[in-house]
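So the protein lines, in turn, are chains A and B.
Per my numbering, the first sequence starts with residue 1, numbered consecutively.
Per my numbering, the second sequence starts with residue 1001, numbered consecutively.
For the record, the hints were derived by calculation from the structure and aren't laboratory data.
None of these values were measured; they are calculated from a predicted model.
A hint or two may mislead.
Below, computed lysine-lysine pairings styled on DSBU-like, alpha-carbon distance capped at 35 angstroms [unchecked claim]:
| no. | chain 1 | residue 1 | chain 2 | residue 2 |
| --- | --- | --- | --- | --- |
| 1 | B | K1533 | B | K1582 |
| 2 | A | K139 | B | K1324 |
| 3 | B | K1054 | B | K1474 |
| 4 | B | K1545 | A | K142 |
| 5 | B | K1545 | A | K141 |
| 6 | B | K1342 | A | K146 |
| 7 | B | K1276 | A | K142 |
| 8 | A | K146 | B | K1545 |
| 9 | B | K1361 | B | K1286 |
| 10 | A | K139 | B | K1530 |
| 11 | A | K68 | B | K1545 |
| 12 | B | K1533 | A | K141 |
| 13 | A | K173 | B | K1545 |
| 14 | B | K1500 | B | K1276 |
| 15 | B | K1554 | A | K139 |
| 16 | B | K1324 | B | K1207 |
| 17 | A | K139 | B | K1550 |
| 18 | B | K1324 | A | K68 |
| 19 | B | K1659 | A | K142 |
| 20 | B | K1533 | A | K142 |
| 21 | B | K1276 | A | K147 |
| 22 | A | K141 | B | K1659 |
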Amino acid sequence: MKQSKISFRTLLIILFIAALAIIYLNVEKNKKLKSSNVVTNTNTPLGQASVVDNISDPNILQVAMGSKDHTTLVAAVQAAHIEHILVNAGPLTVFAPTNTAFSALAEGTVENLLKPENVQTLATILTQHAAPGTYDIAKLKKEATKKRKLYMATGDYLEITIQGEDVFVNGCKVLASISTVNGIINVIDKVILL
Amino acid sequence: MNNVSHMIKDIKKFITVWFGEIIFVLGLLFLLFIFLSCEETSNQGALKSDVAEKVFVPPGEHDEYYAFLSGGYSGQLSVYGLPSGRLFKVIPVFSQDPEKAYGYNEETKPMLNTSYGFVPWGDAHHPDISQTNGELDGRWVFINENNTPRVARIDLTTFETVEIIELPNSAGNHSSPYVTDNTEYVVAGTRFGVPVPQRDISIDDYKGNFKGALSFIKIDQKTGEMNLEFQIMMPGFDYDKAHPGRGKSHGWMFFTTYNVEESNTLLEVNASQRDKDFIAAVNWKKAEEYLQSGKYTTMKTKYAHNVYDEHTQSAVSTMKTEVKILDPKDCPGLVYFLPMPKSPHGCDIDPSGEYIVGSGKLSANVTVHSFSNMIKAIDKEKFDGEAYGIPIISFEDVLAGVVKQPGLGPLHTEFDDKGNGYTSFFISSEVVKWKLGTWEILDRKPTYYSVGHLMIPGGNSQKPFGKYLLALNKITKDRYLPTGPEVCQSAQLYDISGNKMELLLDFPTIGEPHYAAGIPASLIKENSKKIYKLEENHHPYVTRKPQDAKVVRKGNEVHVYMTMIRSHFTPDNIEGIKEGDKVFFHVTNLEQDYDVPHGMAMIGANTSELLIMPGQTETFTWDANQEGVWPFYCTDFCSALHQEMQGYVRVSPKSSNIKLNWSLDGE
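From just these sequences and the hints, can you work out the full model?
Structure, rendered in structure tokens:
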């Protein structure tokens, strides 16, 4: 009888502790639900690319988006989710291959790169087209004359060469320089592949 | 029967055997009850988190209101967001600010010029936002300076101080600026009686000889420019606060006075001798008539008027020499005195324009006068004597009602849009809500501690936004982490949308948050300027293109026309500067991109840095006192190559024949 008494009390204590634990967990869960509600209400910042500004002069992204010769490049930038880099304070020089340049790649290359699973590769290729600093055609020629290489955002150094009036970066011809508010766009005739 | 006794036996046996268990279960239930009670307490914590949600503005989202808080003895005006209490900007107004080069660079030094010369500090008190038809219009903020009497205008597109006017014949410009229904005027009443004109007389001759000027500054409706239109030369009382009439009382301005005793020493005792001081009711439309009919005298005086021109990006200080004076004893109907108990501070007009609320600092009650009663008494010419030729209306004739025993040390009253007044009590550290018309007290809440002014956005207009009330506290003691003997002052936000006020937030402020003005963000945020257009920059030393950068010598002065763009100066190397030269750096930020300022600092410069917004030109001077090569650099983290944004100035001996030359990348 004594033994059964103890085991009954033990049972009661276990039940009691279990009840406390359930109540406690429920309260904690409610708290978590509350705080997670706050998190879901929070507007996740979209990055600088979402800033509405019609007063400042256009930036690299805005100029690129307005060019009909660069729709492939813009699509690639969007697929790689790097728009915010092109609106950053920089300063940045972007070598912008034309649509023709992209279509000269082996068939299926662009389509393949635009696939979600290849985001990282695409981002790397695009970053190979960006150099910190501001280098328009005149400045590129000066760099070539001084035999200075061009340091790219990926850490690579590209060779700048001059042939007659034209300037080439890694063998790609620079067709034109466009000055933007956060850097330079150099239109090129080929995709830079390293 | 047997069965029954069996049953009783069984129950008895059950109780004997299980008695311990029953007690044990009861004990556990008791513990459970205590545990649940604890949970109840933590539910009160959940209530507190509801309060937190009311002031929580998620990252990336905007506040509903702007609040412009005076920095008091910092001399500046701070811009906060409500309900979050986040600080966005400190606008330098009356004090130099080395962060923004205000009062340090050549362009803004003239802003701090006065008839006393350059004054680097000021005491900012009451910000007030411009109005149209008695409603906030968000064009400008005006704010007064108490020490060296001045009023400033801040433009709400650039959030910069664009104009400062000094007030002659004044000392301690406290009852100021308080805009009228259509921003026709801002006012400035002198706190200290002074000899007018200033002269060497005995202080004991105060009574009757010292005067109190009430200045009326007219506002140009297009440009906002201020002009000291006229002064009313009043007896030498202390003019404390003011408030314009609204709606039906538009055309009148009301000033509280204290020290009608005209004492000049130990005012804490001697200025509290009489039972009542006055509210001076000034009919400024009548003043305009007297001005037109030439009933003024022109007085020779001296006061500075400083205007910042956005096109030349420079301020110009002009010394003015005349002011028109109206003498109330020669101008019947211009001023009346309304008796008000015991050294009133606040002089507040309700949104309807009917009630004139005086907060007698030493009075046990809050006294409310009626504008209609005042007009009736004036029409009947029913007066209770005069003071210095100014008629006094009897207290009983003008009285509308009394809020009885609301607290200790009433200071200031603001209004909501539901017919309620909110009065601050300095001594009893509380805000009391009461009903206009019935004068009954509806609610009271403590403040932490010793509240001065209150602010309800639009509470100074015909259209208050009665959602929040901000209490501006003078003392915080234990409210925040201590920082030595000097601790911050604070603002406390209350939700006043319900019947009872609810304290939501408590945040530190800069300097002394003397008074504040609030406005719905939607009324001004779209007007906020992003950049200055380079083509509109007509600074005399602007350099619009890097190719135009140059260095020009004029005797001992060398002018550097410099540009800055991510991430270099043009030029960055300058040689040919001689010992003893004074070098002027005129630096233009060529960026045309929002939020890309550049800074500039030069080793050993006896001035502040420059902080130059896109499209702007600023100038600082540097004395080339020692030969050597001296660097300068960009102080604002402008870009990824910010740390590369630098240059050198080479200083050679006087005898050197090195020619002036400058370059960037060797060109």
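Going through the earlier hints one by one, which of them does the structure break, listed in rising order? Numbers 2, 6, 7, 18 and 21 - these are the hints that the structure violates, sorted from lowest upward.
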